[in-house]
Amino acid sequence: MAPRVGVVVFPGTNCEHDVVQAVTWLGGRAELVWHGSGDLGPVDAVVLPGGFAHGDYLRPGAIARFSPVMKAVERFAAAGGPVVGICNGFQVLTEAGLLPGALQKNRHLRFLCTTVGVRVVTSTSVVTGGVAPGTELRIPINHFLGSYVCDRATLARLQAEDRVVLRYVENLNGSVDDIAGIRNAAGNVVGLMPHPERACDPLLGSADGAVLLRSLLEAAASSRAA
Amino acid sequence: MRFAACVEVRLRPGIADPEGATIERALPALGFSGVHGIRAGRAFRFEVDAPDEAAARARAQSLAHRLLANPVIEESHLELAPIEGH
Chain H
1 MAPRVGVVVF PGTNCEHDVV QAVTWLGGRA ELVWHGSGDL GPVDAVVLPG
51 GFAHGDYLRP GAIARFSPVM KAVERFAAAG GPVVGICNGF QVLTEAGLLP
101 GALQKNRHLR FLCTTVGVRV VTSTSVVTGG VAPGTELRIP INHFLGSYVC
151 DRATLARLQA EDRVVLRYVE NLNGSVDDIA GIRNAAGNVV GLMPHPERAC
201 DPLLGSADGA VLLRSLLEAA ASSRAA
Chain Z
1 MRFAACVEVR LRPGIADPEG ATIERALPAL GFSGVHGIRA GRAFRFEVDA
51 PDEAAARARA QSLAHRLLAN PVIEESHLEL APIEGH
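As you go down the protein sequences, you meet chains H and Z in turn. Residue numbering for the first sequence follows this note's numbering, starting at 1 and increasing by one per position. Residue numbering for the second sequence follows this note's numbering, starting at 1 and increasing by one per position.
Source of the hints: derived by calculation from the structure; they are not laboratory data. Heads up, the beta-carbon is just placed ideally off N, CA and C, and yes, glycines get one too. Don't take every hint at face value.
Here are some chain H residues pointing at chain Z (derived, C-beta under 8 Å) [said to hold, decoys possible]:
1) 62
2) 95
3) 105
4) 107
Covered stretches of chain Z, as calculated for chain H (at least 3 residues, CB under 8 Å) [to be verified]:
5) 13–19
6) 67–73
With the rest of the complex left out, here is chain H:
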């Protein structure tokens, strides 16, 4: 049976249907999960998609972190379930403490909406399990608060534990160490600023994002078998 992916929808989320479409193209089954639900249902993976959860009021993710669904996401993650936050979803995961660091305003206060090169750093995450380190992908970014920051000790730990998942080939937003995506210690929780769901068909300019979501579906299938 096709792996089931729960796609969380907060008020203000706007990339959920892109994720559903991409997951469906790649052979998965996607279901929307409303943020007010305390139960994810029978899912094998969770995606927190992009957008402006709760209007991004206060800070992106600051209020979303208190949505009832986040307790369920925390439990799912603690049990080893694959969880991926894309763009605003990455911001939610850092605010919720599921990933370290924070996303700050881009360098030069520039809103960035363009396709960039990112390099896969490690295969030890649920979105890069099937991708060789060093692989370069062309994937769109679309954010104002995407500059990854963390203290020196956290950065040293991320590097030492092989937890930097993606790096920008050209660092436009000013992220420390060119970081575009990171994972938690176990590798099952990943946050990334680029939007792989927007690069799953050559018609969209790039199909490179498909390898990341395909890896997620494989991780979802094996997490169910476990």
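For this one, chain H is given, so just place chain Z on it according to the hints.
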């Protein structure tokens, strides 16, 4: 008792502040000189009901730390004063 609270949230020293830097770069064009070190932040005002000032301070601090500021990149400063007549 009721207390008026003001929480100022600002970036920790050393965290890049592109907003403050952009404001500072614009100053010469506006005719301001001799102004340096601009840091952008924000302020929140609210009222707290509590039996005494220590309890009001603890509640407001907790709110500032758990929600208003992101301790990874921000710090907060609380000012508190009793509201007369409450």
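Comparing the hints with the structure gives:
1. 62: Hint on residue 62 of chain H: holds, closest Cβ of chain Z at ~7 Å, below 8 Å.
2. 95: 7 Å, holds
3. 105: 5 Å, holds
4. 107: At 6 Å from the nearest chain Z Cβ, residue 107 of chain H passes the 8 Å test, so the hint holds.
5. 13–19: holds (count 4)
6. 67–73: Held - the segment 67–73 of chain Z has 5 residues with a Cβ nearer than 8 Å to chain H, which meets the minimum of three.
Violated hints: none; the structure is consistent with every hint.
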